[in-house]
Amino acid sequence: MNSAAITTRVPIADWRDFLALTKPRVMSLVVFTGLCGLLVAPVPIHPVLGFTAILCIALGAGAAAALNMWYEADLDAVMKRTRSRPLPAGRMDRQAALHFGVGLACFSVLLMGIATNWFAAAILAVSILFYVFVYTIWLKRRTPQNIVIGGAAGAFPPLIGWAAATGNFAALPLLLFALIFLWTPPHFWALSLFVRSDYEAAGVPMLPVVAGARATRVQILLYTLPMAAAAVAPWPLGLAGRLYGLAACGLSLFFLILALRVLANRASDPAGMKPEKQLFAFSILYLFAIFGALVLDRLA
Amino acid sequence: MIDEEEVRRRQRGRALVMAVLLGLFVILVYAVTIAKMGLALS
Numbered sequence: 185m186n187s188a189a190i191t192t193r194v195p196i197a198d199w200r201d202f203l204a205l206t207k208p209r210v211m212s213l214v215v216f217t218g219l220c221g222l223l224v225a226p227v228p229i230h231p232v233l234g235f236t237a238i239l240c241i242a243l244g245a246g247a248a249a250a251l252n253m254w255y256e257a258d259l260d261a262v263m264k265r266t267r268s269r270p271l272p273a274g275r276m277d278r279q280a281a282l283h284f285g286v287g288l289a290c291f292s293v294l295l296m297g298i299a300t301n302w303f304a305a306a307i308l309a310v311s312i313l314f315y316v317f318v319y320t321i322w323l324k325r326r327t328p329q330n331i332v333i334g335g336a337a338g339a340f341p342p343l344i345g346w347a348a349a350t351g352n353f354a355a356l357p358l359l360l361f362a363l364i365f366l367w368t369p370p371h372f373w374a375l376s377l378f379v380r381s382d383y384e385a386a387g388v389p390m391l392p393v394v395a396g397a398r399a400t401r402v403q404i405l406l407y408t409l410p411m412a413a414a415a416v417a418p419w420p421l422g423l424a425g426r427l428y429g430l431a432a433c434g435l436s437l438f439f440l441i442l443a444l445r446v447l448a449n450r451a452s453d454p455a456g457m458k459p460e461k462q463l464f465a466f467s468i469l470y471l472f473a474i475f476g477a478l479v480l481d482r483l484a
Numbered sequence: 097m098i099d100e101e102e103v104r105r106r107q108r109g110r111a112l113v114m115a116v117l118l119g120l121f122v123i124l125v126y127a128v129t130i131a132k133m134g135l136a137l138s
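Chains as they are written, first to last, in our numbering: chain W, 185 to 484; chain F, 97 to 138.
This is chain W alone, in the form it adopts within the complex (with noise of 0.2 Å):
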């Protein structure tokens, strides 16, 4: 064998490329929401089993993330955003990916269950599951209602901080897994409108692609309303105070006027689109600064 060089037909990724395929920057988000319903739960939970709840939170979603780049290999291949990523870009083995994408989910679940109780890993693994085989599987290819179902996977790490601090479930995590669900489709509508082209290449019949810019807009628009009643609720139910509820109020009031902005565009063509570009950008803070908003006004 020729030693300046190896002949192998399987990538040797580089532990950069299994990070990337956790999704970190989508995990912070997930992170940040888990975090939030454990803080914000009555029971106060040990430090070191609420770090390593959060921990199997960023796992899990980490898992989910891996999981969905292994199925979605394809689809990234065609996707400018998306092309990179290390299983398009060859970097790595696609089994490697589906090894360690299910390595990881039942590492989380069972160190989720060990360290704080079952039913919130019970719950963690629901998620995966619905993320990967009812959101990448079943309907990301299939409809445009994809991210509007899809978007509960997202929702559940303030049901699951929650009930690895009290064992259960009350109405607050509810209204907050409620919160992002309605949050989910004016968020990445917003972004789909401006890579539409990108999804239309790939063939995935997101709102934009298959019912057009203009219902797309209108539909943004229906989305954030009810967002907005999620969001402002924990405060006149008591379950939240006014520091939280004028926050909510404000934030949930400049969405909307973001909202309404997107459904005044008329643009078609991405370099036209600086009102979704914008409420895009907003959304991610939005929703950051609401979840933080309810743990200042617990801990105030």
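The reader is advised that the hints may include incorrect statements.
[As the list claims (entries may be wrong)] In silico negatives: residues of chain F with every beta carbon more than 10 Å from chain W:
1) Leu118
2) Gly119
3) Val122
4) Leu137
[Stated by the list, open to error] Derived SDA-like pairs: lysine to any residue, alpha-carbon spacing no greater than 20 Å straight-line:
5) Lys132/F to Val227/W
6) Lys132/F to Asn352/W
7) Lys132/F to Ile298/W
8) Lys132/F to Trp302/W
9) Lys458/W to Leu447/W
10) Lys132/F to Pro231/W
11) Lys458/W to Leu444/W
12) Lys461/W to Ile441/W
13) Lys207/W to Leu117/F
14) Lys207/W to Val113/F
15) Lys324/W to Leu282/W
16) Lys132/F to Leu120/F
17) Lys132/F to Val232/W
18) Lys132/F to Gly351/W
19) Lys132/F to Leu239/W
20) Lys132/F to Ile229/W
21) Lys132/F to His230/W
22) Lys132/F to Pro228/W
23) Lys132/F to Phe303/W
24) Lys458/W to Arg380/W
25) Lys207/W to Ala261/W
26) Lys207/W to Val379/W
27) Lys132/F to Thr350/W
28) Lys132/F to Leu233/W
29) Lys132/F to Asn301/W
30) Lys461/W to Ala448/W
31) Lys207/W to Leu469/W
32) Lys264/W to Gly274/W
Bear in mind the hints are in silico, worked out from the structure with no lab data behind them.
Just so it is clear, CB atoms sit at the ideal spot from N, CA and C, and this is done for glycine as well.
Since the structure of chain W is provided, determine the placement of chain F on it from the hints.
Just chain F now, with coordinates in the frame of chain W:
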């Protein structure tokens, strides 16, 4: 065709990261055990 040195570098990197993660896992399991024992006793 991958340069052997590059393959070895990636394998070393993965082995090192795995070793660090295993070490951290051992510490975590120890800490979780102590925390749960403390909760059980209190």
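(request) Mind listing which of the numbered hints don't hold for this structure, in increasing order? (result) Violated: none.
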